[in-house]
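Two chains, two separate frames, one set of hints: put the complex together.
Protein chains in written order, with the numbering used here: chain A, 1286 to 1398; chain B, 13 to 498.
It should be emphasised that the hints constitute simulated quantities derived from the structure, not laboratory data.
Predicted model, so just to flag it, every value in this text is computed and none were measured.
One thing to keep in mind: the hints can contain errors.
[As the list claims (entries may be wrong)] Across the chosen pairs, the derived CB separations fall in these ranges:
no., chain 1, residue 1, chain 2, residue 2, range
1, B, LYS484, A, ARG1298, 42 to 52 angstroms
2, B, HIS235, A, ALA1305, 26 to 36 angstroms
3, B, ASP431, A, TYR1302, 22 to 32 angstroms
4, A, ARG1298, B, ARG210, 54 to 64 angstroms
5, A, ASP1371, B, GLU116, 54 to 64 angstroms
6, A, ARG1298, B, PRO192, 42 to 52 angstroms
7, A, ALA1305, B, HIS338, 33 to 43 angstroms
8, A, TYR1302, B, LYS484, 19 to 29 angstroms
9, B, GLN112, A, TYR1302, 13 to 23 angstroms
10, B, ASP465, A, ARG1287, 34 to 44 angstroms
Backbone N, C-alpha and C fix where the C-beta goes; we use that ideal spot for every residue, glycine too.
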Amino acid sequence: MRHMRPLNKKAARIDEYVVAHTEDVVALQDRPSAQQRPHVPMGCALMFTPGWEVDAAGGTAGLCQPVERDIYDCYMSCYWPAQVPDHLNNAPDWTAKCATATKDWRNLDLVFP
Amino acid sequence: MTAIMSETSARVYSLGEFHRFEAGGAHFLYLVPAGAIFAVDGAVGNLIDRLSCGEVPHDRLVGEVAAANGFAIEEAEELIAEMYHANVIVAGDSVPDQPQPLPERFPIQTLVMNLTNQCNLSCQYCYEFGADKVATPEGKPKFMDAETAKAAVDFLLAESADRRSIHITFFGGETLMNFPLLKEVVAYANRKAGEQGRQIDFSLTTNATLLTPAIIEFLSQNHIGVTVSMDGPKEMHDHLRVFANGRGSYDIIEPKVRALIQNHRTRPITARVTLTAGVSDVIRIFRHLKQDLGFHEVGFAPVTTSPNQLYAISPSGMDGVLEQFHILAAEYLEYALRGESHGFSNVSDTLAELCQGVNKSHPCGAGLGLLGVGPSGDIAPCHRFVDSDQHALGHISTGIDREKQTDFLRRGHIDSKYDCHTCFARPLCAGGCHHEAFVRYGDTGHPNLHYCDWIRDWTHTCLEIYGAIAAKNPGFLQQFAERKAE
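Just chain B, same shape as in the assembly (with noise of 0.2 angstroms):
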């Protein structure tokens, strides 16, 4: 016991790893070893800054504390302990994070499920047709056939071993092109999962154009999420998603939109847009997918591109992005303390993230809790690697390859991205997505450097907005507690 006493005084203090944020007039810490956020009182805040100019051993910095807030002894000794056990201050004896071991099996939640690799759309930034592909389609099927699809449902519910909720998505090429397959996955799949008692759901990402009221009464009634990929006001969603011929898509879309919205009630209805060089005005896009067309959530994601491609965006035109980023961040919080819905996924997916605390090992769950299956029956990463030889990870009748499973996670593990390792936004981004960084640097694993800067500054704007919402209306993050994965 007196050994104890005595390692307590032998401490010598020093700052922790946390990033340090204000919001709604509060102060907050976000730990980034843990991915915990707290929010803190001025006299942790004194501490933070006393330590910051050198270490400082426990009895002076109890003495200091003390004085410097009008503390007793013991009270300066109790806050010195809340912050140490929490990590915020360490001593000399802190150990710094092992590595983790890859898990040995991880259980499948989502299958993505490419039902055919054709589209009837020539969108020229296409990772799958463009000119920075990934696939080697040649030779391989161009539509999933039955056979297959019922397959890789088999292989969904036998990899996913114990989970509770298991989710398809739908994807392509132009998913609704092999729509027939669709209904009878659905259809088996359903029945499959409800043998075993267990629920499945669906969602799908398509480019509109084949959209009908019989499938949009399909997806309604069976309640499938559906994901549109569009890129705002006419001139510049068809400054990209054009036809063949080079024709815009807007016109076509248009209507088959809006039936959509106004008709499948079951499901939120999502747009995804991809941010180019000519189609950058964020604000303008969401005010009319938000509130013209009336989608629920708008996304947008920039263009996953090497960056000699003429729709590649500039760092410049980055920075007007982010700005606009900013400005319906803002307006996100003002709906958000009213306890209203605002439909910017990019702040509420993370809010969800920040919410749950997550610390990734790896970007996403491609290769772990998600795959990828293409009309051959190959198995990706996931949706983005498929029909890519190089990157296939197996195949449906033989299951997934678990060399070239270890190979690739082992490349896209946090651990092995020595960049990574001093950014506070690691635990949410972990070096970002795999198939970005295998365009741009030409390895899954390869850390995505060209927007670091980028998505710290989403981070901390997104801590604030969390920060303001819990100091202010703390009973609307109640909707991100519920956690997604079991």
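One chain only, chain A, in its complex shape (with noise of 0.2 angstroms):
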């Protein structure tokens, strides 16, 4: 907490809670304060991905997108063991000609092995 400073256990007790709930997980579309703005997203649920839970506005409208941009982010960044092109050993060049995945997602194709 920047304005109050926890003096004893219980207060470093409280600290951790009000952390946990300002500062730790944000909802990108709750209005983050200035300090956590520049909150680089991590993981699956991305500000541009959509096919999970929600899309980028909170709401449901543009989840309806390619199953290869479903799976763009299995196979760029997530540990979760997805069905996806593999990127080390047989497809390292899959995303290749899709530089920004908001604007070139329509370059993935299918992989034939």
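See the structure below:
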């Protein structure tokens, strides 16, 4: 916390609680504070990762996307062993034509073994 | 998600429950329902001042906070979020604390064993023998026997469940009138605890009249903590701490106390002073016990009494006591800022509780983690209720009477003390001593309303000391961070 400094054990526990509620997990559409704004979302639930729970506006309207787009993040950044092209051995260039996912997702082609 | 946004905007803020204080040029909040202490900056203070004038809705408060502090809107929102989540400010959505159920089984940590109810002194204010006594010792054994004592140790080991360290306090009457049993209990308890791979430690309270070099050596060798009941220099000590023939006990104990402090080097030696109408010169008593005699710690408590006893301290007398407490407290702070030990245990005991952030459901461990056992084997909530038929909570041979224990704990619970619910000192006080309440009001669960102002003043003083130390020499507080109970 920026304005309140904990001085005893109970205060330290409250500090932990408040940090967890105000700083740790941020719903991006819930107007994060200045301090939180440069927050880089990690993992699957990115701002532009349609196909998951919600779209960037917090709704479901933008969810209908090609299957390749759905699995793009599984290929690029996620530790989860999803059924995606293997970027280490068999399909290292799968995303070569997709520099910016929001614009180039149509360039993601199917992979034929 | 939109719902969350609108929820935030719909909040109308008012102040939560806290006690504000300043020390060492800094500002602090004591969050009462939690027992938490925070150092806060000027922006927090400004926001509290603003809400002191009445409720303010979220969006307006954001604007005002931003303007008042030169913050961006986001910074203002962050400040409000911090204070809201810490409950410094609340919106209508805050839920009042639910009454806490009593624990079904609470492992004992400390057993106070009254080895005898006999005493070689006749102190007039004694709660065990004096006019306000609750004990009914007629027809009961005067000295605890070895069988009862060993059963009590077994009881403690069984009822303390998984606690790593457990504690036995020897008490009386005059504890040392049954010293042979004390030795036997220490040996037995050490052996039994050792078999279970657990630690047990011991302390005793004594009037020091029966101390001998051999006893002192035993106490030192066995790391037994010693508290001496002593009321100050001769004329004050002898005012009420007398033998049956009226002769004062100071001359007898003075050389013994010196020998104790000199030769018992394994634990701090503490003096425990009872303040009465004629014995309330706190500073002189402290100087004598701490500097002349060399006690490591000196603690004071006003005598427990019904208000009509001659030795009861009058309200104006209590004001004088408090004034002197303040002087010693200021001295304590100077010592602490230099990293030195001062020895006024009324401050250090309170600082230890503030450091933990205790928030008590009951004023003390009596009937919960602590029990007393009398010479007859009767179990009592604490040593002060030993030998009282009315307050017995069972017997060593049959265990704790759960029904009576529940009744005692239900009465003493902070939830049932309505007067305490708006008091900022309740996390530490919780209504005060069960025994004192019974003597004053005839009910162990009655809040001790006769010393509320006194407790609040003292709590505030100790908060200021805590804040000043935290601001200027925080390392000093480290000694209080170790938790006693595990």
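Evaluated hints:
The given range of 42 to 52 angstroms is broken by LYS484 (chain B) and ARG1298 (chain A), whose C-beta atoms sit roughly 24 angstroms from each other. At roughly 43 angstroms, the beta carbons of HIS235 (chain B) and ALA1305 (chain A) sit outside the given window of 26 to 36 angstroms. Look at ASP431 (chain B) against TYR1302 (chain A): about 30 angstroms separates their beta carbons, and that is inside 22 to 32 angstroms. Between ARG1298 (chain A) and ARG210 (chain B) the beta carbons are some 29 angstroms apart, a value that contradicts the proposed interval 54 to 64 angstroms.
A C-beta distance of roughly 56 angstroms is found between ASP1371 (chain A) and GLU116 (chain B), which places it inside the suggested range of 54 to 64 angstroms. For the pair ARG1298 (chain A) and PRO192 (chain B), the beta carbons lie near 48 angstroms from each other, so the given range of 42 to 52 angstroms is met. Take ALA1305 (chain A) and HIS338 (chain B): their Cβ atoms lie about 40 angstroms apart, and the range 33 to 43 angstroms holds. Between TYR1302 (chain A) and LYS484 (chain B) the CB atoms are about 28 angstroms apart, so this pair conforms to the stated range of 19 to 29 angstroms.
Between GLN112 (chain B) and TYR1302 (chain A) the Cβ separation comes to about 19 angstroms, which falls inside the hinted range of 13 to 23 angstroms. For the hinted restraint 34 to 44 angstroms between ASP465 (chain B) and ARG1287 (chain A), the CB-CB distance of approximately 37 angstroms keeps it satisfied.
The structure is inconsistent with the numbered hints 1, 2 and 4, although it conforms to all the rest.
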